[in-house]
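Working from the sequences, and respecting the hints, build out all of it.
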Amino acid sequence: MKAILLLSIIGCINCVDSLSDTFTEELFLKPLYSKQIYAHLHFSTKWDTDYVIESFRHTHLFPRALGEIIERHNVQELHLSLTAGLWRYETWGYPIVDAAPGAELWAWFKPDTQDVDKNWKELASSLSGLICASLNFIDVPNSISPEYSFRPSGVVNQPFVNSSFLRYSALPREIVCIENLTPWKKLLPCESRKGLASLLNSLRIYNTRYHSVAIHLRPVCRDAECELTSLEVQQSVALVYDYGILGTRNWSIRQLFGQGLFGSCPLAKSSTVYVDITSNSSSPFLLIPDPDEYVTSKRGAYTSTFAKYDINGDIDHISATYIGKQNVLINSPPPLHANQYLTGYGQERGGIVIKLYNNHWESLDVVVLQSLPWYVPIYLHTLKIQSNGKQLKPLVLKYIPGKLRKRPYYLELVLRLPPQSTTSISVDFEHVFLKWTEYPPDASHGFYIGSTIISSMLNVARNFTALPQDGLTIADSFNASRSGYLVQVRTEVMVITLPTPDFSMPYNVICLACTVVALAFGPLHNITTKRLILKPQSDEKLLVRIKNKILRVIKGDTNSKSSDDSTAATSEK
Amino acid sequence: MGLLTDPSAGQGKLTKALVKYHPKLTVLLYIAGIIWFCLLAYSPLNAGTYFSENALLPGLVTSKFRDDTLAKQYYDELQYEMKKYNNSIPYPWILAKFRQIGLDTYTHNFTLNYPLGRSQKFTGKNVYAILRAARAASTEALVMSVPFRPPSNIHLTTSPSVAIMLAFAKFANKEKYWSKDIIFLITEHEQLGVQAWLEAYHNVACGQEGILEHGDLQGRGGAIQAAINLEFHHINIAKMDIKVEGLNGQLPNLDLFNLATRMCTKEGIPHTFKNRENQKKDDRGRGPYDEWCYSFRTLMAMVASQATGIPNGNHGLFHRFGIQALTLEGFPAKQVRGNHSNFITIGRILEGIFRSLNNLLERFHQSYFFYLLPSSERFISIGLYMPAMCLIAGALFIKACGTWCKLQQNPLSSSDSQDNDDNEDSKTSMKKASGDHSSNDDTQEEENFDIVQIGSIFLLTHTIGIVLMNSPTNITRFGSAYGFNTELSIYIGFIIFSLVLLIAPAFVTIRSSYKSMTVINILSLLELGTTLICLSMYNFSLGFLAGTLYVPLALLIVPSNCRLCSWVQKILWLLAHPLVVLTTTVLIYTFISITGEPFKENMLRGLVATQQAIVFGIVDSMIYSNWLYSVITCVMIPNWLCFWIALFCPSKPKSDDKQVAASKKND
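Those sequence lines, one after another, are chains G and R.
If you're matching positions, the first sequence starts at 1 in the UniProt record's numbering and goes up one per residue.
If you're matching positions, the second sequence starts at 1 in the UniProt record's numbering and goes up one per residue.
It is possible that some hints are incorrect.
Pair by pair, the computed Cβ-Cβ distance ranges are [what the hints assert, rightly or not]:
1) G/K547 <-> R/L45: 51 to 61 Å
2) R/R99 <-> G/T305: 44 to 54 Å
3) G/V353 <-> R/R99: 18 to 28 Å
4) R/I211 <-> G/N508: 55 to 65 Å
5) G/L329 <-> R/I594: 50 to 60 Å
6) G/P183 <-> R/T62: 27 to 37 Å
7) R/C565 <-> G/S504: 30 to 40 Å
8) G/K384 <-> R/A238: 51 to 61 Å
9) G/M457 <-> R/N474: 19 to 29 Å
10) G/K384 <-> R/I211: 49 to 59 Å
11) R/M386 <-> G/C514: 14 to 24 Å
12) R/T62 <-> G/N162: 54 to 64 Å
13) G/L395 <-> R/M386: 37 to 47 Å
DMTMM-like mimics (lysine to aspartate or glutamate), calculated; alpha carbons at most 25 Å apart, straight line [to be verified]:
14) G/K406 <-> G/E122
15) R/K176 <-> R/E190
16) G/K355 <-> R/E213
17) G/K325 <-> R/E77
18) G/K384 <-> R/E209
19) R/K176 <-> G/E90
To list a few chain G residues with every Cβ distance to chain R over 10 Å, as calculated [unchecked claim]:
20) G263
21) K269
22) A307
23) Y341
24) S451
25) V495
Since the hints were derived computationally from the structure, they do not count as laboratory data.
Beta carbons: idealized from backbone N, C-alpha and C, even for Gly.
The structure is reproduced here in structure tokens:
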């Protein structure tokens, strides 16, 4: 009895230890330019534990499944996103979390990791099982270690960043659906039974223009002194609803998610809804019920206003009604946006063009990262960078040519974009033949080239909503003026057609080969089985010979055949 | 079947048969080819169209398009706006409409530097809007295009297509099932606008550098999978003509054509091909001959338009970029009553087509790319029509082979061994014969053909062809210095060029050598045959028509003793000169289409039309890289010239001729 009591006390000590974690849930709603509304659900779990020695045997709010994976594969930081659709930077501004179309995964491994490649492959496979995505296709031939584009977003205890512990890979073809969302929801403390996560009604959220689920895991400082670290996992869902698809521009929680709020997650420290009402000045809307609080945030030189709702059971519904006629607004694009496209036609050569738009009045330093699969061999000598018609020299150019079936092509450029400029980076590639087993079943669909990542530290926070690097929650992004605001713009995904064989060809080959064999067989059989006999040549005329032959057939003379053959034989001789 | 048998066995016999029967055989082959082709129009001999691509799922969804009143309203507004813009697209109105619908809207500027005559510049501006598919990363796109025709344009109006396009865009933007972006494109200056837009989209110049400045696009939508071009001439469409022929005779995938016909049938709008309706099933009263006749005329209409290589709609320029495209041209009923519109049906056809295209998982690749259509429900695949062409071109190869074998045979030995069937004997006799003559007959050695001379003739004629191809810019510059206009100076320039070339045989030094001249003939035959086969692989209609015209004339070219015969040959061959053929065709066309005018006026009109046709051909090759002009100047004219030289071949060397030569030498 005593022993049991003792055990339970030890257990309790343990549970006290694991109670040192907090969970916050937030919903951020922002009407975008003209016809869309951006809904971002942000779930953040912070666990005050020593990341280095933590074994993840006991977890409280922190998802244990994820913990085990990162522990086994020696992961320092993990960033995973699954996205359907493309974030339209030009009209929507910057999102809270950038994500490339399809699946995107990058991870920093701990500096004591022995075999990074092996761990990376296994990590991808484990995550693939965890959230039912095809991440198992991530392997060394489609992964890179970018040197400039990525920095650890959490705390590190080395003086230098060693990018050899970083692996990045994207699967632009990945199709994201409910099967990824369900396991993702299971990682949350309240799953989808309570709190804001219960809003994630699969039927509704796949009616959007854009949706992206993400998991970002990193060690962070426990306090301002940063002597101890905590482990933080941010789970987010970004959704962009379209008024056209919704059928009305007067939105409400029920309209967006198909149901009202079912109170907050009891495990959450706070459960809040923020509505960005900055656009209220140009196209006013009325919020019902009245918000608990108005928050004004000054970030850089830009002021935004938010309506804040605390969800503690009494609010189950928030709706907005627009007042007055809908105005067509003039779009003010964000300081930096980009897109990419293919050039050329035919199945021999092609080109990739990346266009960077700097709408800022100052020059911008950007890092452009493009990784191309090994079957898209690019030629570095064709790399042309032009800005407003003038040649632009990259400050840094890093290029690792790919290897057939072994390594992707990797190109990273550091550019200084002139103010108010359009810069185009173009590079040519060649189409290659694959082995016939390397084609996917839908070979004529084409092959995907992932998006380019353009990273930059902006010094203005126009259209900027992302969290600061030290922030954990959306509330941390209010009044978070910093010296620079990191944006990582992702471009479109491209699809190219490689020379595709006609896959009915094997059938044709079989037919042809059989015909050839059959044709060869006849004479071969003749030569090997028949005897050559001399026979005096007859001087009969053709007609007489035919007549005789017919007569012989009619008479049924059996000798006729052999005599005919011998005639042929003699003449051939 | 004798795959493993000794190739030398029996060759003598075959060769002899070839030498003996090849004139008859060639005629037979040619006629067989023509008959084969003609029979293909008979429906039991061709196949019914069918869908190969299962992903299209045509017509399986319930049509939801209901915005016909909106389309009508757009149409009325557009009519009002068009009055203000007599010569261009009403840009502000169209841009505003697209923006209101909520699409990404852009304009595209392009410039044409007219290559001929005095340097002139034309500018144009296209409008396009992109419907961004939800949850797609702009990797693939579909295009709906309309060639905008301002009121001052001589062609039939296309403004109803703009109205229905806008209404469809508004309808489609509300739907969430799109997996591909839809680009709504309104182009100016007919094909030029589309060409410039496509070049800008793919950032390449298809024609000669510096002629069409394609400009740049602000927005794109990924790889374009298919394009539908709309030319609706009225708000109440009674029949829909589906046009497929593209640049250089390229055709869209048959699945796309089938899709368009199927959707028209589903919505109850009769569709036509080459403006000819399909024969009705219940029309049993007509005999098989009438049925064949009807199909054959449809088929020939397609062959005629495909052979020119000029697209018969804006869809034709998409094909080069691997984009399957066709044009839907809507005509009103003969008697138009009231102001009634059937936009709802048209909208539903478009909805059906685009939703099917949206279903596509892969690019169009399943069905045929090479086919001929005797009606919109039947097709002739490449496997059926190519044999006809092979028979026709085969005649040339057979003739070349026969002539070559004849040339190889010693005339004396062949006469000696006429009654001797055995090869060995003939060989010995040949040896004997040569042995007999070797002492006093040096001419035998001299008679061998001169490969260097022949080679240089071929090289020279083809160089002339290339010079001719590149001459128009200089000719027009020269012409304009003397005050001639572009058309006339090119026409006259070409005529002078051709006339000068006619005296080419006078400079051929090996003219008197029978063997050399025959070898020229053989090589020309081979070249013509190869050209025809290659042409018909790419643009069957052109290859076939050229084959039908040139093969019999080329077969006629045999050296003969009869002076009249050789004159007839020469005159016939002169008539086959591409320039003469073009002029005659255009003149005949003019006389057929314009009746009741005085002869002189028609003649003049025809000549002007010919000149224009040449200029159009040249400009097309420069802007769109239509290769009809290049093929004619680089291959057909040099080949014609080679045959022309071969026509001056002396007749078969006679023994007395030889003796004369020998005696001369002795002297």
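If you check the beta carbons of G/L395 and R/M386, does the distance land in 37 to 47 Å? Given about 59 Å between the Cβ atoms, the range is violated.
Within 18 to 28 Å or not, the Cβ separation of G/V353 and R/R99? holds, 26 Å
Do the Cβ positions of R/M386 and G/C514 conform to the proposed distance bound of 14 to 24 Å? Roughly 23 Å apart at Cβ, these two residues keep to the hinted range, so it holds.
Check the non-interface label on G/Y341: least C-beta distance to chain R beyond 10 Å or not. violated, 5 Å
Using the beta carbons of G/L329 and R/I594, state whether their distance is inside 50 to 60 Å or not. Distance hint for G/L329, R/I594 holds at roughly 58 Å.
Holds or violated: G/K325 with R/E77, Cα cutoff 25 Å? Within the cut-off at roughly 22 Å; holds.
Okay, G/K384 versus R/I211 on CB: inside 49 to 59 Å? The hinted range 49 to 59 Å is violated for G/K384 and R/I211, with Cβ atoms some 23 Å apart.
Determine whether the Cβ-Cβ distance between G/K384 and R/A238 falls within the hinted range of 51 to 61 Å. holds, 53 Å
Pair hint outcome, G/K406 versus G/E122 [Cα-Cα no greater than 25 Å]: holds, 18 Å
Agreement of G/K384 and R/E209 with the hint, judged by alpha carbon distance not exceeding 25 Å: holds, 19 Å
For the pair supplied as a hint, R/K176 and R/E190, confirm whether the alpha-carbon distance does not exceed 25 Å. violated, 33 Å
Consistency of the no-contact label for G/G263, given chain R and a CB cut of 10 Å: holds, 30 Å
Against the hints set out earlier in the document, violations occur for numbers 1, 2, 4, 7, 9, 10, 13, 15, 23, 24, 25.
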